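Residue numbers (the numbering used here), protein chains in the order written: chain A, 1 to 637; chain B, 638 to 768.
No wet-lab data here; the hints were simulated from the structure. Be aware that one or more of the hints could be misleading.
[Stated by the list, open to error] Covered stretches of chain B (chain A as the covering partner; in silico rule of three or more C-beta atoms under 8 Å from a C-beta of chain A):
| # | segment |
| --- | --- |
| 1 | 642 to 652 |
| 2 | 680 to 692 |
[Unchecked claim] Label pairs and their computed distance ranges (CB to CB):
| # | chain 1 | residue 1 | chain 2 | residue 2 | range |
| --- | --- | --- | --- | --- | --- |
| 3 | A | Ala223 | B | Ala735 | 52 to 60 Å |
| 4 | A | Ala223 | B | Ala727 | 31 to 39 Å |
| 5 | B | Val714 | A | Gly521 | 47 to 55 Å |
| 6 | A | Arg546 | B | Glu675 | 40 to 48 Å |
| 7 | B | Glu758 | A | Asp584 | 42 to 50 Å |
| 8 | A | Asp613 | B | Glu645 | 50 to 58 Å |
Predicted model, so just to flag it, every value in this text is computed and none were measured. All C-beta atoms, glycine included, are put in the ideal place defined by N, C-alpha and C.
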Amino acid sequence: MKQTDLYGYSGRILRVDLGSGAVRREPLSEDLVDRFIGGRGFVAKLLFDEVPPGADPFSPQNLLIIATGPLTGHLLPSSGKTHFGTKSPATGGYADSNMGGHFGPALKYAGQDVLVLSGRADRPSYLMIDDERVEIRPSEHLWGRGALSAEKQLKTELGDDFQILAIGPAGEHQVRYACISHDFGRQAGRTGVGAVLGSKNLKAIAVRGSGRLPVFDLDAAFAAGKEAFRKVAAKPGFSAWTPEGTAGITNWCNEMGVFPTRNFQTSYAGHYPRINGKAVLERLKITDKGCACCPTPCGKYGHARTPLGDAYVEGPEYETIALFGGNCLLPGIEDVAYANWLCDELGLDTISAGAVISWAIECFERGLIPESRIGRPIAFGDLSSVDYLLRRIAVRDGIGDLLAEGVKRAAAEVGQGSDAFAIHVKGLEWTGYETRNAPSMMLAYLTADIGAHHSRAWVLGHDLAGAWTSVHDLISSDRAADRQPPAVIRPDCARYVIESQHTRPLFDALGVCRLQYMELGFEEHHYARLHHVITGRERSWEEMLRVSERIWNLTRAFWVREIPGFGRAWDNPPRRFTSEPVPDGPNAGYFLAQEKLDQLLDWYYQARGWNEDGIPTRQTLLRLGLPEAAEAIRGGK
Amino acid sequence: MMLKAIHERCSGCGTCRLACAIANFREVAPARALLVIEGRFPAPGDYRIHLCDQCGECAEACPEEAIEQAGGIYRVVPARCSGCLACVEACPHGVMMAPKGLDTPAKCTLCGECAAICPREAILLTEEAAA
Numbered sequence: 001m002k003q004t005d006l007y008g009y010s011g012r013i014l015r016v017d018l019g020s021g022a023v024r025r026e027p028l029s030e031d032l033v034d035r036f037i038g039g040r041g042f043v044a045k046l047l048f049d050e051v052p053p054g055a056d057p058f059s060p061q062n063l064l065i066i067a068t069g070p071l072t073g074h075l076l077p078s079s080g081k082t083h084f085g086t087k088s089p090a091t092g093g094y095a096d097s098n099m100g101g102h103f104g105p106a107l108k109y110a111g112q113d114v115l116v117l118s119g120r121a122d123r124p125s126y127l128m129i130d131d132e133r134v135e136i137r138p139s140e141h142l143w144g145r146g147a148l149s150a151e152k153q154l155k156t157e158l159g160d161d162f163q164i165l166a167i168g169p170a171g172e173h174q175v176r177y178a179c180i181s182h183d184f185g186r187q188a189g190r191t192g193v194g195a196v197l198g199s200k201n202l203k204a205i206a207v208r209g210s211g212r213l214p215v216f217d218l219d220a221a222f223a224a225g226k227e228a229f230r231k232v233a234a235k236p237g238f239s240a241w242t243p244e245g246t247a248g249i250t251n252w253c254n255e256m257g258v259f260p261t262r263n264f265q266t267s268y269a270g271h272y273p274r275i276n277g278k279a280v281l282e283r284l285k286i287t288d289k290g291c292a293c294c295p296t297p298c299g300k301y302g303h304a305r306t307p308l309g310d311a312y313v314e315g316p317e318y319e320t321i322a323l324f325g326g327n328c329l330l331p332g333i334e335d336v337a338y339a340n341w342l343c344d345e346l347g348l349d350t351i352s353a354g355a356v357i358s359w360a361i362e363c364f365e366r367g368l369i370p371e372s373r374i375g376r377p378i379a380f381g382d383l384s385s386v387d388y389l390l391r392r393i394a395v396r397d398g399i400g401d402l403l404a405e406g407v408k409r410a411a412a413e414v415g416q417g418s419d420a421f422a423i424h425v426k427g428l429e430w431t432g433y434e435t436r437n438a439p440s441m442m443l444a445y446l447t448a449d450i451g452a453h454h455s456r457a458w459v460l461g462h463d464l465a466g467a468w469t470s471v472h473d474l475i476s477s478d479r480a481a482d483r484q485p486p487a488v489i490r491p492d493c494a495r496y497v498i499e500s501q502h503t504r505p506l507f508d509a510l511g512v513c514r515l516q517y518m519e520l521g522f523e524e525h526h527y528a529r530l531h532h533v534i535t536g537r538e539r540s541w542e543e544m545l546r547v548s549e550r551i552w553n554l555t556r557a558f559w560v561r562e563i564p565g566f567g568r569a570w571d572n573p574p575r576r577f578t579s580e581p582v583p584d585g586p587n588a589g590y591f592l593a594q595e596k597l598d599q600l601l602d603w604y605y606q607a608r609g610w611n612e613d614g615i616p617t618r619q620t621l622l623r624l625g626l627p628e629a630a631e632a633i634r635g636g637k
Numbered sequence: 638m639m640l641k642a643i644h645e646r647c648s649g650c651g652t653c654r655l656a657c658a659i660a661n662f663r664e665v666a667p668a669r670a671l672l673v674i675e676g677r678f679p680a681p682g683d684y685r686i687h688l689c690d691q692c693g694e695c696a697e698a699c700p701e702e703a704i705e706q707a708g709g710i711y712r713v714v715p716a717r718c719s720g721c722l723a724c725v726e727a728c729p730h731g732v733m734m735a736p737k738g739l740d741t742p743a744k745c746t747l748c749g750e751c752a753a754i755c756p757r758e759a760i761l762l763t764e765e766a767a768a
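Full structure from sequences and hints, please.
Next up, the structure:
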């Protein structure tokens with residue numbers, strides 16, 4: 001087994017065909033590293049090259065790829081990130097999801113940067129990787145169990161030093177937004193990666209690595225890593241941001257009127273002081289829980305007591321608070337924590353699950369889904385309604401079978417205009433920011449390359465705070481929820497979105513968390529320096545951003561190839577956002593009419609070098625060094 | 638000097654283990670680390686830091702007198718070690734290690750790198766006796 005001489009990387013790809021049981025390790029190619037860096041870049045390239053065009057996401061032909069980056073597992077702030085990719089069962093398009101914790105580093109110490117899973121096991125199985133040993137083992141004893149319980153069981157069987165990924169019943173039943181869980185509270189949450197694992201009959205992956213990572217200049221890397229920890233600790237945001245983590249932004253989102261409430265009917269929830277970061281600290285928290293090498297752990301692990309039972313749970317973090325506390329209107333932080341725990345155990349993405357349930361409740365209130373079909377009345381603000389629906393969704397029981405399909409498909413079945421308030425883009429449910437008065441952020445959601453997700457570009461600061469604002473300035477805000485002025489639409493909206501879409505996902509390629517950069521203002525040149533001393537490759541931040549642009553265009557090409565007729569129509573929100581004024585709160589009266597969105601998309605496509613239908617031009621793809629994409633999407637366009 | 642653990646501050650990031658492996662073995666290989674972070678999940682939901690307090694029980698257990706104390710720090714003398722691993726058995730904290738690929742066990746040298754890098758000040762290099 002020859003390893004390449006790539007510093008920083010493990011140097012190998014591990015391929016496991018679950019159908020034949022074939023296990024193969026191959027060297028990581030220099031070309032892949034040069035053109036795509038790692039993590040998200042590897043995922044995008046391997047999916048584009050190796051998933052057969054038109055493959056059903058639940059077929060054995062689909063791949064589930066787990067990829068680390070060159071900085072994953074090294075001594076520097078927050079090097080614990082792992083990237084997952086597949087052809088999404090939620091959207092039918094390009095899909096990826098990023099996860100913290102300790103799995104990615106362990107995968108590298110065990111001797112590979114990337115794991116590519118193909119085929120389908122003929123019985124419930126789990127994959128065990130212990131350095132050079134790779135075994136597909138039976139998992140009937142784990143099948144049907146919750147993701148957290150399965151993780152605990154495997155740690156008991158194999159040893160505490162194994163890092164575990166597991167799916168819950170939702171993944172087994174191929175719920176289209178099932179997640180993959182790790183470390184009792186970290187998830188690859190979005191796009192249904194857990195459902196793809198379920199379709200492959202794979203309950204879990206366990207990895208232990210005792211090896212070492214090659215480093216170009218170990219002394220320089222050790223010194224630079226230690227310096228990076230010191231510099232992060234000296235940032236003003238270090239002590240301000242860490243205590244509450246992402247939950248700390250709940251206040252600001254309500255003050256600004258961007259908090260999804262009652263299935264995105266409005267954007268302000270008056271009870272937010274009962275579900276904010278302070279409530280997490282005062283009512284739930286046991287310990288801060290960090291990913292590998294994280295100096296600013298956003299994970300808050302806690303214990304909640306509710307009338308439905310006790311829950312030990314990591315979180316809730318901001319997104320879960322927004323979707324369950326705001327969108328489903330759960331009244332207290334304990335209720336949100338319980339819903340969070342139940343999603344984690346069942347293996348459901350809290351974002352999509354919260355969006356689906358709030359849509360179902362609105363449908364019930366409007367008489368579009370009758371009580372007879374649901375099996376009982378359901379209501380906003382009621383934890384037992386949430387509990388009832390989550391448990392049915394996870395095993396596709398009754399109404400759960402409809403809701404397991406996600407809001408886009410469910411609305412198509414229910415009809416009666418319910419698609420107007422099925423809040424998604426491209427089939428992926430919308431996350432925790434309501435944007436009817438935030439045009440840049442709206443554009444970010446419309447153009448995110450997995451569907452309606454916030455992590456690709458977070459430009460609310462530009463829309464609302466009037467500047468390119470760091471999130472740490474907004475954390476633990478405690479102001480009045482004043483009336484907001486109408487947001488201004490201008491070409492800069494597109495420019496900010498594109499810059500952010502290149503910067504933020506670059507961290508997913510490098511294999512590190514972006515929060516120290518985004519929330520604390522830890523400067524980008526540190527990453528370029530660390531990348532150099534660890535890998536021996538001198539790449540400026542600007543050069544790496546160009547790789548990020550290449551990846552962005554490759555993922556767009558994947559959509560164009562996989563979805564017949566793909567184009568501008570896929571970059572639009574549901575009608576609620578283009579025709580219904582926000583009824584109350586700081587942004588009362590505002591909405592973004594379709595012609596304004598059309599203008600935003602025109603600016604965006606033009607700035608990207610895409611045609612008026614949002615398809616990358618041949619010239620753009622060749623300029624970015626993507627001849628394979630230029631070739632693949634030429635026919636029929 | 639002494640290493641002291643403040644368990645409540647630990648967030649399980651494991652940076653200490655990586656720094657330990659680099660400082661003592663010049664390898665980015667946390668499996669080599671000479672301290673252990675235990676996560677107790679799902680309940681009670683916290684972390685415990687297991688580290689060497691230079692108690693000397695390893696030296697007492699060694700039949701070859703291959704673990705010597707100087708300046709309050711116990712060190713393995715490889716030339717005298719027979720590899721019986723009695724010291725590993727004897728360590729009350731589970732941090733006398735027998736790393737894969739090495740002939741002799743390894744233990745904390747009180748280099749202090751774990752304490753220096755811990756972003757949570759959960760490991761301290763202190764004059765006082767460990768709790």
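Hints versus structure:
| no. | hint | verdict |
| --- | --- | --- |
| 1 | 642 to 652 | holds (count 7) |
| 2 | 680 to 692 | holds (count 5) |
| 3 | Ala223/A <-> Ala735/B: 52 to 60 Å | violated, 30 Å |
| 4 | Ala223/A <-> Ala727/B: 31 to 39 Å | holds, 36 Å |
| 5 | Val714/B <-> Gly521/A: 47 to 55 Å | holds, 49 Å |
| 6 | Arg546/A <-> Glu675/B: 40 to 48 Å | holds, 44 Å |
| 7 | Glu758/B <-> Asp584/A: 42 to 50 Å | holds, 46 Å |
| 8 | Asp613/A <-> Glu645/B: 50 to 58 Å | holds, 57 Å |
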